[in-house]
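Novice: The chain contents come next:
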Amino acid sequence: MAQTQTLALVEEIESLVSDKLQVVSYKWLSRNYMISSNEAKRLLQEFVEKHDGGLEVVYALSGWLKGSHPSYHIRLVTGPKLAEAQQEFDGNCSIQVYSVQASIPKDPAVLWNAEFIQAEELFKQPWSVDNCLRDNRFCGISSSFVQRNVDGMPVVAATPLTKASVGIGQTKMNVLQPQKNIAHDTIPRADLKSEDVVKDVKSESNGTGSTGVHDQVNKPSEDKEKVVPAGKKKAQSDKSGSSTGGSLASFWGRASAKPKPSSLPVESSNAVSNHSATEDAQASAREADGSGDDDNQDVTVRRSSNRKRRVVFDFSDEDEDVVSLSSPELPKKQSSQDSKQKDNKSSEKATLNSDTKRENKPMAKEEKSSDEKANQPFQEELSVINKCTNNGKSSSEKPQSCAPDISVNKDSTKNAAPGSPKRRKVMKTRIDERGREVTEVVWEGEETEAKKADKVATKKSENNVSTNSVNSSSGPATKKTPAVVNTTGKGSKKTVNKDPKQGNILSFFKRV
Amino acid sequence: MGMDSEKNSLCRLQCSYASLDEVFEIGKETYRGQQYSQIYFARLHLMRTLLYSLVSQWKPQTPVCTVLGLEQGKECVIVGTLYKHMKLKPCILDEYSKERSAVPLVRPHNFMHDDDYLVLEDESGRVKLGGDLISPSVFVTGIVVALHGKETGAGDFSVLEVLEAGLPPQIEFPLKSREDKYIVLVSGLNVGSSDSNPLQLQLFIDHITGHLGDEKEQSIASQIVHVVIAGNSIGIPRGLVNGQNLASKDLSRIAEPIKELDILLNQIAAGLPLDIMPGPNDPANFSLPQQPLHRCLFPGSAAYNTFRSCTNPHSFEIDNIRFLGTSGQNVDDLEKYSDAKDKLEFMERTLRWRHIAPTAPNTLGCYPYTDSDPFFIESCPHVYFVGNQNKYESRVIKAGSEGQFVRLISVPKFSESGVAVVVNLRDLECHALSFGTQFSS
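For the protein sequence lines, the chains are A and B, in the order given.
With this note's numbering applied, the first sequence corresponds to residues 1 to 512, in that order.
With this note's numbering applied, the second sequence corresponds to residues 1001 to 1441, in that order.
Honestly, the hints are just simulated from the structure, not real lab data.
Possibly wrong hints are sitting among the right ones.
Straight-line distance between alpha carbons at most 20 angstroms, and here's what the computed EDC-like set of lysine to aspartate or glutamate pairs gives [stated by the list, open to error]:
1) A:Lys66 <-> A:Glu39
2) B:Lys1150 <-> B:Glu1123
3) B:Lys1259 <-> A:Glu39
4) B:Lys1128 <-> B:Glu1071
5) B:Lys1216 <-> A:Glu39
6) A:Lys66 <-> B:Glu1071
7) B:Lys1259 <-> A:Glu84
Covered stretches of chain A (chain B as the covering partner; in silico rule of three or more C-beta atoms under 8 angstroms from a C-beta of chain B) [what the hints assert, rightly or not]:
8) 64–73
9) 107–115
10) 118–126
Quick reminder that beta carbons are idealized off the backbone N, C-alpha and C, glycines included.
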């Protein structure tokens, strides 16, 4: 059986070398077929013995050199020069097959390329995957004392926050699956889309973790990105527009991710249940605090598992009027409220949160949210406006399905949540305990958002939309998508789609 | 080394490691606009106390006096900092001089001239040194010495004898016979630069992690317990870092070498403990002591408990054997301003002067410490290495009042020579580990 496997591999090597003209080094072989290095070398040796001609072989000679100074030398030589090179060694030198290839390249470094590409792919795998690069399992020496710390990166699934929202849902799923498969595949090539995702994930691992909610909903990334459009901020809330979906979302999400433990009622309860534990401890807490309405909660549950809803109910003390006013409009989900968080933080957050539908239609969501916002009844806006500087822009952030939370908060008071509790799907970006930026889509009450907005206000430079404190909190744009963030910052609801383009054009000029 | 299944038949040996780098970390220092006089003062103070105690045994009869207290014709001993006046040393003020006399700058890599002279300086004053015994080509600015001589009529101090601080005391070398354990020193990887050979570096990594070679070789490799990379690991194209704003495609060109290095270090760190020191071309601060390369540069490798980012100079102890090393700036600077037969002699001199980088802060960038001089060598190392040199050289010196012995190693640039240095911890013997990948005849 081992022999059949060997034979099969030998044939594969032959096809790789002759047909695809690839350089097959023992290291590449071992990583590709999950065999140890010594085994791979033996295999290559057999292969060389079987195929005598037509292929170039590179041998690795190692031994002590002749000479006065003791020097251990390792050298790669081609077949023809083997005998000559052996003379240089003092005594016996060990000869091993290093690689086989169709022809010897002029630049020896070409031999290294295939191996390095493989190493790079292994390197880019999600953080918690323990692949053969990371644990060095195929070498001949075991080092039991080596430990790799993966605590900091809890998330396995790669949620490409910054990628265009459209493809994200799918990629996420892809990422999840391949990871499971890797262990089992005989040829565990890590060439997945996840690579890109992985990168994102790495930087936002916490985010992904936090977006456990997303996992539940199967829309991890999308939500985040969609959150962006939720921004209710006066003008910009919608800018989070679909185009910049992911990045925008993350941008806002960050802001929203830093919810201050506001008194604002956040209807996190529902959301909390939805979210993974890691995700927003704060947000969860906040939401829990905030959740006052059963209705809302129920609604939220219905609505989106991922998003955190903001429950504005706690604002009763402050925003009684608003509450009353907005209550009928609850179903609207004023994302604007969310954004309202006290500051004039960019509405990004607002846009992020509420409006975007949880469904994975990132683009659609964003636009929808903006639309929603636009459609929001003025009453809400009025009430909201009264309370906060945020424009009642609308519920752009809030997905229709969301329970109408009128997050009036914003404006001057941090928690000045407007009366109607609005849940907004907000893209919150926060810095987790490890200092990483985590973007997640959460349902937030205005208070929360407001608080976040406050926090983030300082950070966000581009908060055009001040409405959503949350959005503003997402100000510290995710590192990953600085460009996107910028665009999101500018996003206004209707012009969301445009902004990214404008941004791109400008950057093009800058480069020139 | 046990024999297990065919997969992992060998176990890597381990060693005890203790880092002594706290003195080189600048965390607690604050910059309040101070200038460099304070570090010179601290150095003088530190070494003068030491020299006074030595002088009493060296010349018990001769009085010790300050520079201002010199009397003509009277033999005495003075202690102070040497200053070497060099004609060819570039000075920023030359740019502002009214008359632009042609400065004969013949050799930009070495500024020595026959007209250089030495001056001894302490808090009270300075005096020019004369006499044949003290040769300006050997000394550099910044060394604290004791001189025995007398003042001449011309106002010079004619030197009769020189007393340097000498080698510091050394902890005892653990002599019990142990198994062979090796530590590998390598420097100048220059990953990402056009003249580095990635295949050679990959061979190096494969060898020390145990992929390459047959059983015998892998068993040798399993005895390697530690790797130290002494600077210049990254070769970012120089043309890019010139202060201009970078286009985004250039940004990735700058980041690529670091990512590549991270992947390579990941492979090493997964197998054995690794120390990486910053060098003159690395993304670290310029002035000595260079602070450790930031962990964020190595997201993949920094997750391992075997990965350690260290300062330059780097001092550590393995199995009670003390190592001290730099990435080469101190010796390279000495080479510009003084003369010696080889790099190892420069290194020996720094040990005798008991100071790793005497030319700092004069010609070598240095942090303006206020009350200490971290480059003062308190305890003599057993192995003293310097990275990024032109060739591999090594020697054992036995000197000092207690018969201290030190293994001096000059580690060559790996990207040029393909040579790393392996030191056996049992007896401090070292040999070269070289890699060749030239195919064409």
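Novice: What's the verdict on B:Lys1259 and A:Glu84, does the C-alpha distance respect the 20 angstroms limit or exceed it?
Specialist: violated, 38 angstroms
Novice: Given the hinted pair B:Lys1216 and A:Glu39, is their Cα-Cα distance within 20 angstroms?
Specialist: With a Cα-Cα distance of about 16 angstroms, the restraint between B:Lys1216 and A:Glu39 holds, given a limit of 20 angstroms.
Novice: Are at least 3 residues of the segment 107–115 of chain A within less than 8 angstroms of chain B when you compare beta carbons?
Specialist: Answer holds; 5 residues pass the 8 angstroms Cβ test.
Novice: Between the alpha carbons of B:Lys1259 and A:Glu39, is the straight-line distance 20 angstroms or under?
Specialist: violated, 30 angstroms
Novice: For the pair supplied as a hint, A:Lys66 and B:Glu1071, is the alpha-carbon distance within the 20 angstroms limit?
Specialist: Roughly 63 angstroms separates the two Cα atoms, so the pair is violated.
Novice: Hey, A:Lys66 versus A:Glu39, does the alpha-carbon distance stay inside 20 angstroms?
Specialist: violated, 30 angstroms
Novice: Take a quick look at whether B:Lys1150 and B:Glu1123 sit within 20 angstroms of each other, Cα to Cα.
Specialist: Distance of about 19 angstroms is within 20 angstroms: holds.
Novice: Do at least three Cβ atoms from the segment 64–73 of chain A come closer than 8 angstroms to Cβ atoms of chain B?
Specialist: holds (count 6)
Novice: Does the segment 118–126 of chain A contain three or more residues whose Cβ lies closer than 8 angstroms to a Cβ of chain B?
Specialist: holds (count 3)
Novice: For B:Lys1128 and B:Glu1071, compute the direct alpha-carbon distance and say whether it is at most 20 angstroms.
Specialist: holds, 14 angstroms
Figure legend: structure checked against the earlier numbered hints; hints not met, in rising order: 1, 3, 6, 7.
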